[in-house]
Amino acid sequence: MSSVLESRVWPAEGLTRVPYWIYQDESIYQREQERIYRGDAWNFLGLDAELPEPGDFKTTFAGEMPVVVTRDESGAIRCFENRCAHRGALLCLADRGNAKEIACVYHNWTYDLRGNLTAVAFRRGVGGKGGMLLDAEPESQAPQKFRVETFCGLMFATLSDKTPPVERYIGPEVAGRIRRVMKEPVKILGGYTQVLQSNWKLYFENVKDTYHASLLHLFFSTFRLNRLEQKGGVIVGGEGGSHVSYTMMRSNQTGDEYEKAGMRSASGGYALQAPQMLESVDEIGDGVTLQILTVFPGFVLQQIMNSLAVRQVLPKGVGRTELVWTCFGYASDDAKMQELRMKQSNLVGPAGYISLEDGAATGFVQRGVAGAAARASVVEMGGREVASNESRVTETSVRGLWQQYRKHMGL
Amino acid sequence: MDAALQLAVENLLARYVHAIDDDRLENWPGFFTENGRYRITTAENHERGLPLSIIYADSRAMLADRVSALRHANIYEAQRYRHTVSSTLVERVDADTARATSNFQVVRIMHTGESILFASGRYLDRILLKGEGGETMFEERVVVLDSRAIDTLLAIPI
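Those sequence lines, one after another, are chains R and A. Okay, so the first sequence: first residue is 16 according to my numbering, each after it adds one. Okay, so the second sequence: first residue is 26 according to my numbering, each after it adds one.
I should point out that these hints are in silico values taken from the structure, not numbers from a laboratory. Think of the CB as a built atom: it goes at the ideal place given N, C-alpha and C, for glycine as much as any other residue. Hints may be right or wrong, so weigh each one.
Unchecked claim - Derived SDA-like pairs: lysine to any residue, alpha-carbon spacing no greater than 20 Å straight-line: (1) R/K177 x R/R50; (2) R/K351 x A/R62; (3) R/K202 x A/P76; (4) R/K202 x A/E72; (5) R/K331 x A/R173; (6) R/K202 x A/E69; (7) R/K202 x A/L75; (8) R/K331 x A/S172; (9) R/K331 x A/A174; (10) R/K177 x R/P187; (11) R/K351 x A/S84.
Claimed, not checked - Covered by chain R, according to a simulated footprint, are these stretches of chain A (three or more residues, beta-carbon under 8 Å): (12) 53 to 67; (13) 108 to 122; (14) 163 to 175.
What the hints assert, rightly or not - Partner residues are not named here, just some residues of chain R that face chain A (Cβ under 7 Å, in silico): (15) Y35; (16) F76; (17) Y207; (18) A289; (19) S360; (20) G364; (21) L371; (22) E372.
Just chain R, with the same shape it has in the complex:
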């Protein structure tokens, strides 16, 4: 177990204070790898639609640990460490592909699609010379195999036997909100990676922070896509680390709280020349135009009008995070629907009208707290509790994140 500095004691105020060393400390980062990513959390691996056929594989990460995800001959999703039992080299170098078996390029040790070591090259030598002794046990250093579950086409993996099943881990209300979006077979439209110059938790807090959405992202509030006076809510689930926030667009409310407060994001006079981009279809049929959902520690599901995506949050060091976006539609989409999704893809991603600021905002915190390890952020919007809420002027789901995080970390 990695040791954490004795001075790293969580502030007495509890969930309403987040100490800045949590984003800076190398020993905290190492403990996260042990206790969260290689511990009791479910790691999000991607959509099972990425691996439609037996033999399809992709490589990704559980925290920092490289993993291979496959669909085996029986159609089941498997996940194992991307590390050869022999010398520890990456087994699988390609991002994705299809294979009957996986061979390490270094010395051609071979594995099946479940991660079992099936052959050691020249194990018995050549011509009776060389090779391994009969009692050698190369399997003792085999890549670790994960417990895998797919829920609504989402692939999750954990090394723990104790972690509850995915649906229970997520919590029933948030799980229901996943079903709502993953209601039918999906079609992958593409992806990209956004590199964030910040600790992973700053991004995960950002996604859970319903309070910032209409204050940082002017594009939203100007077009009344997510003004906080609109109807919606926040649901916190699982051990606190799952959440969903949602907005009902046609709630016919025309509050002027922003104008009264004289806030920047209410500045008027801004009109689109091509507003067709925002003509969305209520394809789920419940009037929810925006839903952002997270599952601890690194899964985001997004429905922003008709822009659907999953995002995988991957830590790449104390101050660096990769955000892997996969945008999708439904297999039943016609050409017109796909075109609408393409237009609305302008809203999201590293160039997204309502998301590009997030890439920078987490970095602003990372840079801002550089000399303030002993200080803490103030997380008191919406009170001090972790509870579902009709208002989005709340940081309840941010507190929920820290509740689950501290439990995993023993902090």
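Given the coordinates of chain R, assemble chain A onto it according to the supplied hints.
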């Protein structure tokens, strides 16, 4: 080689990147026809035949909206680009149209002084040789980024 055609295309490519690098973004939509298409995608999406774009516009109006959002709505730190465009292959399609493929590199210079190689890739262009006012214009410009990874955010167009 049709030298006049080559020069006309390279001149359009040069004027385009100078407008962006000089922060004359308001001029940017004018390099496209009224129904001109502009997309930024990654080589990975492009090669896999996946339609997703990082920026997508199918009209000059959508490009103007992008500029308007950058000027009035979106929040990002002060930054500039320096484009280098080279190796332009030009092929005439018909009397009015040409195709061009060129390579680019974009250095991003932050207000802090940090400079990075922000992007490299290819421009895949379909060019109208005598557009409005006799100007050479893009009917379509597909920006194919070599890497799938983008640092922090992509605000200014490429």
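Results of checking the hints against the structure:
Only pairs whose Cα atoms come within 20 Å are accepted, and R/K177 paired with R/R50 is accepted, the gap being roughly 12 Å. At most 20 Å may separate the alpha-carbon atoms for a hinted pair to count; R/K351 and A/R62 meet this at roughly 17 Å. With a CA separation close to 11 Å, the supplied pair R/K202 and A/P76 stays within the 20 Å bound. With a CA separation close to 17 Å, the supplied pair R/K202 and A/E72 stays within the 20 Å bound.
Taken as a hint, the R/K331 and A/R173 pair is honoured in the structure, with Cα atoms around 16 Å apart against an allowance of 20 Å. Pair hint R/K202 plus A/E69 holds up; C-alpha atoms about 17 Å apart against a cutoff of 20 Å. Distance hint between R/K202 and A/L75 is fulfilled; the C-alpha atoms sit about 10 Å from each other, no more than 20 Å. Taking the CA atoms of R/K331 and A/S172, the gap is about 17 Å. The hint holds against a cut of 20 Å.
For the suggested pair R/K331 and A/A174, the alpha carbons sit about 13 Å apart, so the restraint of at most 20 Å is met. A hinted pair counts as satisfied when its Cα atoms are at most 20 Å apart, and R/K177 with R/P187 qualifies at roughly 19 Å. Taking the CA atoms of R/K351 and A/S84, the gap is about 17 Å. The hint holds against a cut of 20 Å. Note: the region 53 to 67 of chain A has 3 residues with beta-carbon separation from chain R under 8 Å; the three-residue rule is met and the coverage holds.
Check result for the region 108 to 122 of chain A against chain R: violated, 0 residues qualifying (beta carbon to beta carbon below 8 Å, three or more required). Check result for the region 163 to 175 of chain A against chain R: holds, 3 residues qualifying (beta carbon to beta carbon below 8 Å, three or more required). For R/Y35, the shortest C-beta to C-beta distance to chain A is roughly 20 Å, which exceeds 7 Å, and the interface hint is violated. Violation of the interface hint for R/F76 is found here, the shortest Cβ-Cβ separation to chain A being roughly 14 Å, above the 7 Å cut-off.
Interface hint at R/Y207: satisfied, since its Cβ lies 5 Å from the closest Cβ of chain A, which is below the 7 Å cut-off. With a cut of 7 Å, the hint placing R/A289 at the interface with chain A holds, because the nearest CB-to-CB distance is about 4 Å. The interface hint given for R/S360 holds, since its Cβ lies 6 Å from the closest Cβ of chain A, which is under the 7 Å cut-off. The beta carbon of R/G364 is positioned within 7 Å of a beta carbon in chain A (closest approach about 6 Å), and the interface hint is therefore held.
The closest approach between the C-beta of R/L371 and any C-beta of chain A is roughly 4 Å, which is under the 7 Å cut-off, so the hint is satisfied. Of the supplied interface hints, the one on R/E372 holds, with its beta-carbon coming within about 5 Å of a beta-carbon of chain A, less than 7 Å.
In the structure shown, a violation is registered for the earlier hints numbered 13, 15, 16, in ascending order.
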